[in-house]
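Take these sequences, add in the hints, and give me the full structure.
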Amino acid sequence: MESYLNIDHVSIDFPTANGPFRALDKVNIQINKGEFVSIIGHSGCGKSTVMNIVGGLYQATEGGVILQGKEVNEPGPDRAIVFQNHALFPWLTCYQNVELAVKSVFGKTRNRQQIRDWTLHNLELVHMTHAKDKLPAEISGGMKQRIGIARALAMEPKVLLMDEPFGALDALTRAHLQDSLMEIQAELNNTVIMITHDVDEAVLLSDKIVMMTNGPAATIGEILQVDLPRPRQRLALADNPDYNHYRSEVIKFLHQRHARKAA
Amino acid sequence: MKDKAIYFLELTGLNWFVPLAKIASGEPAGFQFQQLTKMIGLPLLAMLTFLMFWHLGAAKVDTSLGQLPGPVQVWEQVKVLNAEHQAERQRADEFYQRQAERNAATLAKNPDAEIRVRDYTGRATFVDQIWTSLFTVFVGFLLASLIAIPIGIVSGLSQNLYNAINPLIQIFKPVSPLAWLPIVTMVVSAVYVSADPMFSKSFITSAITVMLCSLWPTLINTAVGVSSIDRDLLNVGKVLRLSYFTTVWKIVIPSSIPMIFTGLRISLGIGWMVLIAAEMLAQNPGLGKFVWDEFQNGSSNSLSRIMVAVLAIGLIGFVLDRIMLTLQKFFSYDKNANIR
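Residue numbers (this note's numbering), protein chains in the order written: chain C, 1 to 263; chain B, 1 to 340.
Worth double-checking, as some hints may not be accurate.
What the hints assert, rightly or not - Computed list of chain B residues with no C-beta within reach of chain C, every gap over 10 Å:
1) Lys4
2) Phe17
3) Gln35
4) Ile40
5) Gln73
6) Leu107
7) Ile147
8) Val191
9) Val236
10) Pro254
Stated by the list, open to error - When the alpha-carbon atoms are kept at most 30 Å apart in a straight line, the in silico DSSO-like pairs for lysine-lysine are as follows:
11) B:Lys238 x C:Lys26
12) B:Lys238 x C:Lys132
13) C:Lys70 x B:Lys238
14) C:Lys134 x B:Lys22
15) C:Lys132 x B:Lys329
What the hints contain is simulated information worked out from the structure, not anything from laboratory work. All residues carry an ideal CB built from backbone N, CA and C; glycine is no exception.
Structure below.
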């Protein structure tokens, strides 16, 4: 059966003074509809590059990305991106930031009232209605990322791409946002690719963890299916033997078999 | 109300008055008074020291036009120039009144008579010349901005285009207005030919010279501002599949507004400086011509009158800069940025 999103033997070369540099080599991932996939690896291994290729911001040198049977090679709202540094427009209020996305994607098919309702609905989804008229500079980092997620969700993407979405946040805020994300995921059942370097985050959130080897010519080392029942509770999982098993699998991969040589 | 007033004062850069506004609104006067002493007292002290040195120094310099004028003589001329302006205004009013009466009388006699309305052609006073200068610099600056901002945006977005035009910018940027002027004069004379010109040639020449010199800071600052936009913001635009123009309008311009305004401020400052030189040579009736005429005139008051012009030029330049600063603060999204 054809998978929903097929990252098909993707390789990418970057031009350098000494000829092309192969950053990714034959990365091959199949993702089903509604699946939450994490890509984990050491920094610099090219996991963000994978996401940028799926997002259409980079072009694969070999192979390609097939979404619902169609090749995608340019950016589009069907693959909305949540950026690590939120990338909100600082001159727009939270509401306007989300509204801009809604207007660009649905401006032709929905009327004013529908656009307004949909914008507010997505702000509600991330619990940010109370700050809708504030500028990004006036809210905290976690809140900014909530708006970033609301903006991406508002595009009704087929695949939601998240590039280390909680990487810039402190541990407590990160936990809050992870819980919110699981809550949203339970409701919408989106297909998600999340880049992360946090083992707990990967195991807690994912259905599937893609572990990448170190570059150059990084590729997939192992794929781990995480069969923990949902909804998952952070506290209950702490003592769960399965959870700890998955966790140690990922840690062994990262720190034993593919430890970074010299950081 | 109080917060609004203070915000307005800070926005316009009139920070000196903030403590006064706070005292007026009932805040403890002691601390505000200290602030006031710092903000107004120190500049005032510096100014008095300057006036003293000027007064003492000027008395020691003798020129062929008499003693170099001190603050007192210059202040005299301020009053004289103002009186001249008032007198000229009055003459103009009287002229128009006489004309209106004459025309009314003609019409009363014969309703079909053709009446003539003539402009008053008196001498341009100092105040008139200030207005001419302001209008000229405004036109030149506006033309420069209309050219520089679009080119700056386009070349900021395309590294190749920037590389292509950068050498041209670097070559033309340091050229003095005085070098442009003869060329501009000849080109304007050759191209701007009309039986009933809307603007005088000297005006066009001055405005274009101002334009040529005030293009560059805006262009360069806009290009730098545009090229340093956060890549992620542009990527958001790509994900949303915004068109080129929407991207420019919704993302590029708002995020480079602070840099664009920095360029505009420098441009306006340069434009104002260039204008005086251009007017001197192009004989456009403005402050530059005033200075030149007074210099050629060579009466015993000339130096004082020129010095009035110098101070007026400085004050107007300062006010123009403040206006730009206020606009910059008003349009910038980052209201907390420390812009001076």
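Hint-by-hint comparison with the structure:
{"no.": "1", "hint": "Lys4", "verdict": "19 Å, holds"}
{"no.": "2", "hint": "Phe17", "verdict": "27 Å, holds"}
{"no.": "3", "hint": "Gln35", "verdict": "27 Å, holds"}
{"no.": "4", "hint": "Ile40", "verdict": "32 Å, holds"}
{"no.": "5", "hint": "Gln73", "verdict": "52 Å, holds"}
{"no.": "6", "hint": "Leu107", "verdict": "58 Å, holds"}
{"no.": "7", "hint": "Ile147", "verdict": "25 Å, holds"}
{"no.": "8", "hint": "Val191", "verdict": "42 Å, holds"}
{"no.": "9", "hint": "Val236", "verdict": "5 Å, violated"}
{"no.": "10", "hint": "Pro254", "verdict": "5 Å, violated"}
{"no.": "11", "hint": "B:Lys238 x C:Lys26", "verdict": "26 Å, holds"}
{"no.": "12", "hint": "B:Lys238 x C:Lys132", "verdict": "24 Å, holds"}
{"no.": "13", "hint": "C:Lys70 x B:Lys238", "verdict": "19 Å, holds"}
{"no.": "14", "hint": "C:Lys134 x B:Lys22", "verdict": "27 Å, holds"}
{"no.": "15", "hint": "C:Lys132 x B:Lys329", "verdict": "24 Å, holds"}
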